[in-house]
Amino acid sequence: MNKFKTLVLKASGTNCEIETSFILENVGFKPEIITINELLLEEKKIEKYSFIVIPGGFSYGDYTGSGRIVSSIIRHHLFNRLQNHISNGKLILGICNGFQILVKSGLLPNIEGLWKQEVSLIFNDSFHYEDRWVKLKVNQNTIFTKNFPEFIYLPVAHGEGKLVHNFKKNILDRIGVFYYVDKNGNKTMKYPSNPNGSFDSLAGIIDNTGKILGMMPHPERFRDGRQFYFDKKIDPFGILIFENVYRYIKEEL
Amino acid sequence: MLIEIVNKQDEYDALGFIVLKLLNRYRMNINRVRTSTLYYLDGNLEIDFLKELLVDSITDDLFVYPELPFKNVFYIDIYYKDKVLDSSGETLKEYLLISNFKVERVKSIRRFYLFSEKPIDESRIVEIFKNRYFNPLIEEIGKFEIKERKNRSLKNFEIKYIDLDGDLEKLSKDMVLSLNLNEMKIIKDYFYNRLKRKPTDVELETIAQTWSEHCVHKTFKSPFKYKNKKFKNLFKETIMKASYEIKHPDTVSLFSDNAGIVKFDDYHNICFKVETHNHPSALEPYGGAGTGIGGVIRDIIGTGLSAKPIANTDVFCVGNVDKPVDENEKIIPPDEILKGVVEGVRDYGNRMGIPTINGAVCYHGRFSGNPLVFAGSIGIMKSKNSFKKVQKNDYIVLIGGKTGRDGIHGATFSSASLTEESQEISSGAVQIGNPIEEKKMLDAIMEMEGLFNAITDCGAGGLSSAIGEMGEETGALVFLDRVPLKYEGLTYSDIWISESQERMVLAVGEKNFESVKRIAKKYDTTISHIGYFKGEKLELFFYDEKVLSLDMDFLHRGVPLYEKKAKPYKNFKEKKRKEKYKFSLDEAVYAVLSANDVRSKEWIVRQYDHEVQSQTLLKPLGGITGNAPNDASVIYPLHSKEKCIVVGCGINPRYGELNVKQMTYSVIDEALRNVLSIGGDIEHTFLLDNFCFGDTSNPFTLGSIVESAVACYEYTRLLKTPFISGKDSLNNYFISSDKIIEIPPTLLISALSVTDITNIRSSYFKATQKPSSIFIAGKKTQDELAGSILYTKMKISDGFIPKVDIKESSSIHKKIDILNKRKLLISAHDLSDGGLFVSLFESSLGNNVGVEIIVEDDRDLIDFLFSETQTRYLVQIYDEDEECAKSIMGEKYLKKIGKPIDKPLIRIKQGKKSFEYPLKKLFRYYR
Chain A
0 MNKFKTLVLK
10 ASGTNCEIET
20 SFILENVGFK
30 PEIITINELL
40 LEEKKIEKYS
50 FIVIPGGFSY
60 GDYTGSGRIV
70 SSIIRHHLFN
80 RLQNHISNGK
90 LILGICNGFQ
100 ILVKSGLLPN
110 IEGLWKQEVS
120 LIFNDSFHYE
130 DRWVKLKVNQ
140 NTIFTKNFPE
150 FIYLPVAHGE
160 GKLVHNFKKN
170 ILDRIGVFYY
180 VDKNGNKTMK
190 YPSNPNGSFD
200 SLAGIIDNTG
210 KILGMMPHPE
220 RFRDGRQFYF
230 DKKIDPFGIL
240 IFENVYRYIK
250 EEL
Chain B
0 MLIEIVNKQD
10 EYDALGFIVL
20 KLLNRYRMNI
30 NRVRTSTLYY
40 LDGNLEIDFL
50 KELLVDSITD
60 DLFVYPELPF
70 KNVFYIDIYY
80 KDKVLDSSGE
90 TLKEYLLISN
100 FKVERVKSIR
110 RFYLFSEKPI
120 DESRIVEIFK
130 NRYFNPLIEE
140 IGKFEIKERK
150 NRSLKNFEIK
160 YIDLDGDLEK
170 LSKDMVLSLN
180 LNEMKIIKDY
190 FYNRLKRKPT
200 DVELETIAQT
210 WSEHCVHKTF
220 KSPFKYKNKK
230 FKNLFKETIM
240 KASYEIKHPD
250 TVSLFSDNAG
260 IVKFDDYHNI
270 CFKVETHNHP
280 SALEPYGGAG
290 TGIGGVIRDI
300 IGTGLSAKPI
310 ANTDVFCVGN
320 VDKPVDENEK
330 IIPPDEILKG
340 VVEGVRDYGN
350 RMGIPTINGA
360 VCYHGRFSGN
370 PLVFAGSIGI
380 MKSKNSFKKV
390 QKNDYIVLIG
400 GKTGRDGIHG
410 ATFSSASLTE
420 ESQEISSGAV
430 QIGNPIEEKK
440 MLDAIMEMEG
450 LFNAITDCGA
460 GGLSSAIGEM
470 GEETGALVFL
480 DRVPLKYEGL
490 TYSDIWISES
500 QERMVLAVGE
510 KNFESVKRIA
520 KKYDTTISHI
530 GYFKGEKLEL
540 FFYDEKVLSL
550 DMDFLHRGVP
560 LYEKKAKPYK
570 NFKEKKRKEK
580 YKFSLDEAVY
590 AVLSANDVRS
600 KEWIVRQYDH
610 EVQSQTLLKP
620 LGGITGNAPN
630 DASVIYPLHS
640 KEKCIVVGCG
650 INPRYGELNV
660 KQMTYSVIDE
670 ALRNVLSIGG
680 DIEHTFLLDN
690 FCFGDTSNPF
700 TLGSIVESAV
710 ACYEYTRLLK
720 TPFISGKDSL
730 NNYFISSDKI
740 IEIPPTLLIS
750 ALSVTDITNI
760 RSSYFKATQK
770 PSSIFIAGKK
780 TQDELAGSIL
790 YTKMKISDGF
800 IPKVDIKESS
810 SIHKKIDILN
820 KRKLLISAHD
830 LSDGGLFVSL
840 FESSLGNNVG
850 VEIIVEDDRD
860 LIDFLFSETQ
870 TRYLVQIYDE
880 DEECAKSIMG
890 EKYLKKIGKP
900 IDKPLIRIKQ
910 GKKSFEYPLK
920 KLFRYYR
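Here the protein sequences come in this chain order: A and B.
Quick note on numbering: the first sequence equals residues 0 to 252 in numbering that gives the first Met the number 0.
Quick note on numbering: the second sequence equals residues 0 to 926 in numbering that gives the first Met the number 0.
Derived by calculation from the structure, the hints in this document are not laboratory data.
It is possible that some hints are incorrect.
Claimed, not checked - DMTMM-like mimics (lysine to aspartate or glutamate), calculated; alpha carbons at most 25 Å apart, straight line:
#, chain 1, residue 1, chain 2, residue 2
1, A, K189, B, E10
2, B, K520, A, E111
3, B, K521, A, E41
4, B, K50, B, E103
5, A, K47, B, E446
6, A, K29, B, E448
7, B, K642, A, D230
8, B, K50, A, E111
9, B, K521, A, E37
10, B, K510, B, E538
11, B, K822, A, D234
12, B, K822, A, D223
13, B, K195, B, E562
14, B, K338, A, D124
15, B, K794, B, D585
16, B, K765, A, D230
17, A, K44, B, E446
18, A, K231, B, D901
19, B, K388, B, E513
20, B, K600, A, D230
21, B, K195, B, E544
22, A, K232, B, E879
23, B, K813, B, E244
24, B, K510, A, D206
25, B, K322, B, D797
26, A, K115, B, E51
27, B, K172, B, E562
28, B, K920, B, E879
Using the sequences and the accompanying hints, generate a full structural model.
Shown next, in the form of structure tokens:
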């Protein structure tokens, strides 16, 4: 079995699965795009994969709240298998809509260990969708962000990315991975550096086990330095996450 | 069951804050607003399941009716009328059904709680919310009440025959056929003398759809007489003629398929189409623009054997937003139209996962009652999939959404004019789209590659025009009772002409049908086998009764075309400006930068996902500041190592009003400048035309169409940039109580250029190590300010309009192309709306690189800085490359005007005078 087999989960309305597979492939993974309908026919399939990515988009149109229907499907049909996936040391990444799904299904961050929803992602303060590049401060102490520079740039594109929570500071430091910062590198609540009004400037968080990462910015949209929003020679930060996961799977699994 | 989901805290309710701000603007004495979502569910359901599904445990609380979250607080509900698509309700219902609940009906309701110490005047609230938070055409406002729905089954039906002995004109009007007396007479002759019987209702409807201006483009294909010149077929002898004379080796399919197709690389072709959705958007901006983009995306999916949409474009023309709308005028205020269409494109395009990368907005008083909404889409396909052909006996397969009674008479309606009553009577013509339906269909069709022989979309005219067109050579036999319906109660005629969105028709060989079905299931989209392509005629059955039988030949070639008598459009009379300007340079600068046509469109651009699919190389906005507009955007398909696609456009209704021919030259010029400024390749640039003109019964309007079409021919022939596809939308006028307001002649030219990735560069100035200078490349700046942004703002009505000498201009563009290919430009930005000053400002804005301009002669600075002379580029060139660039352009066409400076300001020097404008200050006006 190829241990780099990656599941890219597609619901109706998911729309970033192709570029997500493309960047995975570039790094060396063997991604497979599987629709929820296919997965529900054969739930066991999940066991084949070392890495699960839930890409961005508008699953079921987000019409009943972003990510809620897929979260419901996960809770009713796939929950145990995903728990096993994590306890076997395997990884999950949720990007944008995928992040919303992970949070609302109770998989992320699961600090209390009760597998209940603990944080939420709600409408941006502007109440509309917005596509822009942001500067992020990175916590390098995770599998996903090892050896990252302190600051990176990635694009965000979402309408519901305001992270809200009731956590205390000590927990925040454990879960925070990406923070919106101003041009001087300070965490900020100011628009547009913090594009949605996220509490504590949080743009991405990790779970209790360190195996599940959710983030609003889109790493798959920065695979090539030329995609940067102005003319500056710069390394494509988006690819780093996937390279880290590849290395982890290669060495640890 | 009626359940309500409400945020736990004010802080989580962003919409509540926004509504509060709005109501405060109207001094409504409201001190707090909270919003909630309700679902009315008719069925056997578990509250725990619903709670887990719908309620965010961190931010939301759930209330079950009659419990209310706020007691004794005024509230108002907004919800869709019955039969209007309610995406939230439908999505929830479908999920409950697959989760094994029995559920009949789900409806979503938005509720607004308004807190006030004083009594609230509900009618004032309704007035403020109208066209902002609800549209009376499709939504109800008030307190939600459960209404029983009456459904009638139509299995016991009667075929309706129509008598053609009476007043035919009246009949055409009563049935909304939009056919004239001559056409009605020809139809009567066909039935009474050839078939020897009366037509059925659906037969008349089908002919009306197929012969509508919208579907057949009667005007453009008609013979014309104009200024002693005769055209047998205006379209063939102008737009098409240029393309055939150019004989571009990379054009694959011109004017025949749903979109024009050109070569991308050795293995792929790309196609491009731009459509208009004007009349629906006038009545329901959000739904109209959304279904406009949805429709053009289906055009791309339906081109050849299907292309994958990779980028969208959108251009809007709206009324004057600065002038308050008279409350008695029954139109939606232009600023609400603009907000609505932006949200429509946003919510549809973003959900489809297609980046919206290019667009424009124009403002003109005459668009108030009849705005224009252009929606474009670009697709990529394997070269071998460029052509389709229906095979005899192929299954007729309908894929996508279900059919309802929406959008009936859209094609015939959009071919008529708009009146004040339109918003009240035309509810059938307006549709709300469901992009997820279309996304599922798109994903399924992409996987069906190789399994079908032909494909087309159900747009205007619904099944009628889709199957009518596809079966033109094979004949078609359709069983209408096999079409999946949204609800019971549709007649055979409704099913046939319904314009329900998100549906396409495939021609599938028998042996592939099972595979097609399996793929549809995987992607959760509906598929049904509704007939066969065979039998030569078009025949429809409904529960075993034949309800329509028409000869394909009559249907497709029976429409009579009459010679149109066109009179010369009354061009603006130019005259030299006599008086001195009564305003200062400062005033001109601030007026122009804050003009609606000029000022930043960032609020629109950023609401669109312009990076999904991860193929966007150059974004609509760039620079360190992220504020500078690029003239065009660039897409490089995932696997492409060398080639990319540059997309730009040109449009100018202000010039259209003054001089149609010069407007036409100017907008072609602008589209070309846009793509060349970014590094596009003129030798691989292809154009699309979208004509939006006024009343076709007005001979002067017809004259403007001829002028414009001929100008298109003349200029593109010299440029060797062929048209590959186009569309016209005519009869754009609005009838108010006392007058007819025609739109100004408006031509949108969209340009697509295939070029090397290494040629691409952004529009704004760069801070460079080596010394560089700023030049105007192109024509000498003339005093051409009539119709300019400055004169429009200052209400000056004389002067000269910009004139394009097409020979001179095409040679300039070709020289710019050489500069591009020799990589001699550091940056290039189009000089257009607002003239040199706007271009300097936008170029400086990107990287905060200022500029010092030295004006050598003693001409009026205002004329120099705000003239809109065409065929000019603002370019930055290394000093060491100046000689080389001059040798290519010629001294005459490359004039140094200044240098970049390391201060963020624009400095203009003329003799001893010097003016300075800090970018920061200018940005405040521009923003």
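Verification of the supplied hints:
This hinted pair checks out: K189(A) and E10(B) have alpha carbons roughly 16 Å apart, not beyond 25 Å. The straight-line distance between the Cα atoms of K520(B) and E111(A) is roughly 39 Å, outside the 25 Å bound, and the hint therefore fails. Simply put, K521(B) and E41(A) have alpha-carbon atoms about 13 Å apart, close enough for the 25 Å limit, and the pair holds. Between K50(B) and E103(B) the alpha-carbon distance is near 19 Å, which keeps this suggested pair within the 25 Å criterion.
Proximity of K47(A) to E446(B) is assessed by CA-CA distance (about 24 Å); at most 25 Å being required, the pair is judged to hold. Note on K29(A) and E448(B): the hinted pairing holds, with a Cα-Cα distance of about 23 Å set against a maximum of 25 Å. Between K642(B) and D230(A) the alpha-carbon distance is near 19 Å, which keeps this suggested pair within the 25 Å criterion. For a cut-off of 25 Å, the pair hint linking K50(B) to E111(A) stands: about 21 Å separates their Cα positions.
Taking the CA atoms of K521(B) and E37(A), the gap is about 7 Å. The hint holds against a cut of 25 Å. Of the pairs offered as hints, the one joining K510(B) and E538(B) holds, with about 24 Å between alpha carbons and a cut-off of 25 Å not exceeded. Distance hint between K822(B) and D234(A) is fulfilled; the C-alpha atoms sit about 24 Å from each other, no more than 25 Å. For the given pair, K822(B) sits about 22 Å from D223(A) by alpha-carbon distance, which is consistent with the 25 Å threshold.
Only pairs whose Cα atoms come within 25 Å are accepted, and K195(B) paired with E562(B) is rejected, the gap being roughly 30 Å. Between K338(B) and D124(A) the alpha-carbon distance is near 18 Å, which keeps this suggested pair within the 25 Å criterion. Taken as a hint, the K794(B) and D585(B) pair is honoured in the structure, with Cα atoms around 17 Å apart against an allowance of 25 Å. At roughly 9 Å between alpha-carbon atoms, K765(B) and D230(A) fall within 25 Å of each other, so this suggested pair holds.
Taking the CA atoms of K44(A) and E446(B), the gap is near 21 Å; set against the 25 Å cutoff, the hint holds. Among the hinted pairs, K231(A) with D901(B) is consistent with the structure: their alpha-carbon atoms are about 18 Å apart, no more than 25 Å. Of the pairs offered as hints, the one joining K388(B) and E513(B) holds, with about 20 Å between alpha carbons and a cut-off of 25 Å not exceeded. With a C-alpha separation of about 21 Å, the suggested pair K600(B) and D230(A) falls inside the 25 Å cut-off, and the hint holds.
Taken as a hint, the K195(B) and E544(B) pair is honoured in the structure, with Cα atoms around 19 Å apart against an allowance of 25 Å. Proximity of K232(A) to E879(B) is assessed by CA-CA distance (about 23 Å); at most 25 Å being required, the pair is judged to hold. Restraint check for K813(B) and E244(B): the C-alpha separation of about 19 Å stays at or below 25 Å, so the hint holds. Distance check on the hinted pair: K510(B) and D206(A) sit about 50 Å apart at the alpha-carbon level, beyond 25 Å; violated.
For the proposed pair K322(B) and D797(B), the alpha carbon gap of about 23 Å is at most 25 Å, so the pair holds. Under the criterion of a C-alpha separation no larger than 25 Å, the hint pairing K115(A) with E51(B) is consistent with the structure, at around 11 Å. Proximity of K172(B) to E562(B) is assessed by CA-CA distance (about 23 Å); at most 25 Å being required, the pair is judged to hold. At most 25 Å may separate the alpha-carbon atoms for a hinted pair to count; K920(B) and E879(B) exceed this at roughly 33 Å.
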